[in-house]
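J.: Since chain A is already given, all that's left is putting chain B on it; use the hints.
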Amino acid sequence: MKKPPRIKIPESAKVGEVIEIRTLATHIMETGNRKDARGKTIARDIIHTFTATFEGKPVFSADLGPGIAANPYIAFYLKVSGPGAIEITWIDDSGAKIVKTVALNVV
Amino acid sequence: MLGAGAATLVAAFLRAIPEASAGEKSAQFKAALKALLDDARPVSGGIEMSLPEAVENGDYVPLSLAVESPMTEENHVKAFHLLSTANPRADVATYHFTLLSGKARVTSRMRLARTQEVFAIAELSDGTFLMSGRNVDVKIGGCEI
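Chains A and B, in that order, are what the protein sequence lines are. Here the numbering used here runs 53 ahead of the position in the first sequence, where the first position is 1. Here the numbering used here runs 230 ahead of the position in the second sequence, where the first position is 1.
Pulled out of the complex, with its shape left as it was, chain A reads as follows (with noise of 0.2 Å):
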C-alpha cells in the first residue's frame, strides 16, 4: 500500500439521510497463484480486512479474497445519525494497516 487509500463522501448530508461511501486502495492484490521467471510461487499479498466505523460504532466490514480485483474499490452506505468522524481500515497480509478518517459534515 504505497499510496494512501482515497475516501469521497457528500461534502455535506442531512441526518437520516443514507449517504455513498466510496473508497479505492492502491494494492497489487497478489493471488499466491502467481510464480516468478525461476519458477518459484509469488507470496500471496493481498487486502484481507476492510472495515469502516462511525463515531467509533461499526458500519460495514468485508473480508477479501484473492478474486477481488487489484486496487480494491468498495462503495457501500452509512445512515447518518449527525456529524462525526468515519475511519476507514484496510489491512494486507504483509502486516501493513492503514487507518484514514474523514470529518464529515452535517447541515
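No wet-lab data here; the hints were simulated from the structure. As the structure is a prediction and not an experimental result, all values here were calculated from the model. Accuracy of the hints is not assured; some may be wrong.
[As the list claims (entries may be wrong)] Listed next, the in silico EDC-like pairs over lysine to aspartate or glutamate satisfying Cα-Cα at most 20 Å (straight line): (1) B/Lys-333 x A/Asp-98; (2) B/Lys-255 x B/Asp-321; (3) B/Lys-255 x B/Glu-347; (4) B/Lys-308 x A/Glu-83.
[Stated by the list, open to error] Restraint ranges, calculated between C-beta atoms of paired labels, are given here: (5) B/Pro-282 x A/Ser-65: 32 to 40 Å; (6) A/Gly-92 x B/Ala-265: 31 to 39 Å; (7) B/Glu-286 x A/Ala-128: 16 to 24 Å; (8) B/Asn-305 x A/Arg-91: 53 to 61 Å; (9) A/Arg-91 x B/Glu-347: 33 to 41 Å.
For each residue, glycine too, the CB sits at the ideal point set by N, CA and C.
T.: Okay, now just chain B, sitting in the frame of chain A:
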C-alpha cells in the same frame, strides 16, 4: 502494478485453474456453499446483482449487490457472501452490514478466471438466506494472455 503486471497476474490466475467443462461448479464452490448454508435451504432470487453479461478480460469485473431491506433491528441484512464457481478460490468476499449501513448495498470489482456463474448469498436477520446467480462470459481465456 497495472498494465503488463496485471496481465501476468491474470495469466497466473488462469493457469491455476483446473480444467473443467463450461458451467461446471468447482468442488470448492460446493464445499463453500455447504459450509455457509449448513442445512438451510436458500430462497432463490431477491438479490439485485449487477454484473456485466460479458467482459473482455476478467481482471476487473465491476459488480454491485443489493437487497431491499428496511435495515431495522427486526428486519435487516447481516451479510452478503460472494462466491465463484470457477476461480481457484470459491470465496471471493463477504460484506457485513449493520443498522448504521442504512442500505444493504455494496459495489466492488472482482476477478474472473474464466466464463462462469457467480453467486451471491444474502444472510438475513431472521436466519433466511437468499441466493442469486449471474453468468458472466469472460472473453479472454488463459491461452490468449
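J.: With reference to the structure, classify each hint as holding or not holding.
T.: Comparing the hints with the structure gives:
1. Between B/Lys-333 and A/Asp-98, the direct Cα distance comes to roughly 31 Å. Violation of the 20 Å bound is thereby established for this hinted pair.
2. The hinted pair formed by B/Lys-255 and B/Asp-321 meets the criterion: a straight-line CA distance of about 13 Å does not exceed 20 Å.
3. Between the alpha carbons of B/Lys-255 and B/Glu-347 the distance comes to roughly 8 Å, so the proposed pair stays at or under 20 Å and holds.
4. For a cut-off of 20 Å, the pair hint linking B/Lys-308 to A/Glu-83 is broken: about 29 Å separates their Cα positions.
5. Separation of B/Pro-282 from A/Ser-65 is about 34 Å and conforms to the stated range, judged on CB atoms against 32 to 40 Å.
6. A beta carbon spacing of about 33 Å between A/Gly-92 and B/Ala-265 agrees with the range 31 to 39 Å that was offered as a hint.
7. Between B/Glu-286 and A/Ala-128 the beta carbons are some 23 Å apart, a value that agrees with the proposed interval 16 to 24 Å.
8. Between B/Asn-305 and A/Arg-91 the beta carbons are some 55 Å apart, a value that agrees with the proposed interval 53 to 61 Å.
9. Separated by about 36 Å at the C-beta atoms, A/Arg-91 and B/Glu-347 satisfy the suggested range of 33 to 41 Å.
Consistency with the previously given hints fails for numbers 1, 4, ordered from lowest to highest.
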